[in-house]
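Protein chains: 4
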Amino acid sequence: MATQVIVLNGGSSSGKSGISRCLQAILPDPWLALSVDTLVEAMPASLRASDAGIEFAPDGQVIVGPEFRTLDAAWTEGIAAMARAGARVIVDDVFLGGAVSQQRWQKALAGLDVLWVGVMCDSAVATGREIARGDRVRGMAAWQAEVVHEGVAYDLVVDSTHTESLVCAQTIATRVGG
Amino acid sequence: MATQVIVLNGGSSSGKSGISRCLQAILPDPWLALSVDTLVEAMPASLRASDAGIEFAPDGQVIVGPEFRTLDAAWTEGIAAMARAGARVIVDDVFLGGAVSQQRWQKALAGLDVLWVGVMCDSAVATGREIARGDRVRGMAAWQAEVVHEGVAYDLVVDSTHTESLVCAQTIATRVGG
Amino acid sequence: MATQVIVLNGGSSSGKSGISRCLQAILPDPWLALSVDTLVEAMPASLRASDAGIEFAPDGQVIVGPEFRTLDAAWTEGIAAMARAGARVIVDDVFLGGAVSQQRWQKALAGLDVLWVGVMCDSAVATGREIARGDRVRGMAAWQAEVVHEGVAYDLVVDSTHTESLVCAQTIATRVGG
Amino acid sequence: MATQVIVLNGGSSSGKSGISRCLQAILPDPWLALSVDTLVEAMPASLRASDAGIEFAPDGQVIVGPEFRTLDAAWTEGIAAMARAGARVIVDDVFLGGAVSQQRWQKALAGLDVLWVGVMCDSAVATGREIARGDRVRGMAAWQAEVVHEGVAYDLVVDSTHTESLVCAQTIATRVGG
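Residue numbers (our numbering), protein chains in the order written: chain B, 1 to 178; chain L, 1001 to 1178; chain R, 2001 to 2178; chain V, 3001 to 3178.
One chain only, chain B, in its complex shape (with noise of 0.2 Å):
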């Protein structure tokens, strides 16, 4: 059966979406790549540092508000339904609630075909790629490098402690029915 989804999860730093642009070239089929980033940033200003919305803490920590849950789940509704319709879709996201973030696209994903990935990093190892990345906030990648993947089930784990991105797409591009 050929896969309408795959849902790469992992904590901040773990290198998602540079997998996910690996997939991109390597998979025989044009795929869409879709980022919990790009929600944030199609979310108005004032939502991105406040209660209501999203909030990196110093420390780190993601605080996640009432207004934002209302426009995730709608979000996550929508790339259901492009799948639907049609495009294959690559899912980027950071499981903060573990399984109960896994059961919220398992319900909208309901029907689909549907490859879940857990993209594990050493949390030292993350916490040094966040310093070379030098636009995210410090202490994100450590605060979720373990709690993304409480629960949650995965048809394949990789790990880009010691794989490059290309490998890691690689294992996954073999698991991608067509």
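Quick caveat, the hints were computed from the structure, so don't treat them as lab data. We treat Cβ as the ideally placed atom computed from N, Cα and C, and that holds for glycine. Be careful, since some hints might not be right.
Said to hold, decoys possible - What follows is a list of derived Cβ distance ranges for each label pair:
| hint | chain 1 | residue 1 | chain 2 | residue 2 | range |
| --- | --- | --- | --- | --- | --- |
| 1 | B | D29 | L | G1111 | 30 to 40 Å |
| 2 | B | A124 | R | D2113 | 45 to 55 Å |
| 3 | B | T70 | R | V2137 | 33 to 43 Å |
| 4 | L | D1037 | V | R3175 | 40 to 50 Å |
| 5 | L | T1174 | B | T70 | 16 to 26 Å |
What the hints assert, rightly or not - So these bits of chain L aren't anywhere near chain R, every CB distance computed over 12 Å:
| hint | residue |
| --- | --- |
| 6 | A1002 |
| 7 | V1036 |
| 8 | Q1061 |
| 9 | A1099 |
| 10 | H1162 |
Fit chains L, R and V to the given chain B structure using the hints.
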């Protein structure tokens, strides 16, 4: 009745994204802002310069191919689903096909309360802003300034030639049902 | 005599960088465009939000500390050296200290042929453009609109309130010695 | 003796800018990070795709013309002047001309205490990272991986093939005189 979707249509460098951000800032509820640029960035790099995808010719013409159209159609359905799921959405698009492009959106957004807004800008002024931005292919603004409005029906037209983005947004906001 | 350096001074969101890119497009020779934003991006991330470096307060005030000043002074000397080595340079700066900031540049640029340009913009209009840009701390435009011009001497003043960047650039270009 | 300039030379996607940001984060003093990308962005848009300026051929080759060379020479002098004026500077460059490119820097930096660092990366790995970045012309990494090191003399070589940016930076930091 409460407006669920605001569609801003206008040529490149006509000021759509600035107006969109101002609308997000002044409207009392949170609105998602999604642009055709968001879609283009979500596509595989290979589609961004190919016959099958979208091509930005050196003279400023934009040519879209079959694979772009397929993903674009699914994207449109997805945005409609976001609105049906409760997100207020500002769509910022370039109707390269004029009335035909609008019909595609009308079909997808059926049953939703939509405010159709034309964003006009004098071709010479848009060309000057294209130069000032510095990140666009020269000539797009001129190519698109008029053709994107051909046969399109609007609830409201704003003209950014001599009017600031914020003022255009204020005009639009008075027509948004809450 | 051939102009070697064009200094554009104006508040945040007054249109300096757009004017700078238009100047690059219309002047017959190649000009480098260097902005205070370039300097800020070249600084360590830790200085970008600290007492010792540069701080963007939530109310739009910009406070610069001793380490910022040291690097800024060296940056200024470096740009002067680029011009002495034969590069034509457009500098886009915000004279937070008004006349004192200008003296710093005058000292560094001694012996070079400099065109001093003030970029004015009505505070309310600049504030609107700040909202339309969406990537600046709200309030900077209003804080800076007038204070950056206090006691500063210009060869030429342009006002972007009702005049497009390209037209401002054309006015400046007529005063650039070739 | 106190190091005044750190020159990082390596091919595209070899990890220079990540190492540069990590150095800024771990070195006790503030360092400016300036890259050849900064220079390219400062050039007129017209030079960024022309015979006289810099051209990124579809096969990944980079060709620089006479006007690029002139501005590049002045840029180099300017960075040397910044260091002489007291700024610590990390330069991140691509020695397209190998030893000849180094001589140009050696001449400009005469009298300064410079740490010359080669940033190596296996061509296949750099090519994978180029795909993961998604914003570079494909093929640059492979073209540049070896040629930029030909005949260049280093104080220190790091290899990012199997070593994280932060660890490379830590190795370099031990050699920086304070």
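TODO: Taking the numbered hints from earlier one at a time, note which ones the structure violates and give those numbers from smallest to largest.
DONE: 3 and 10
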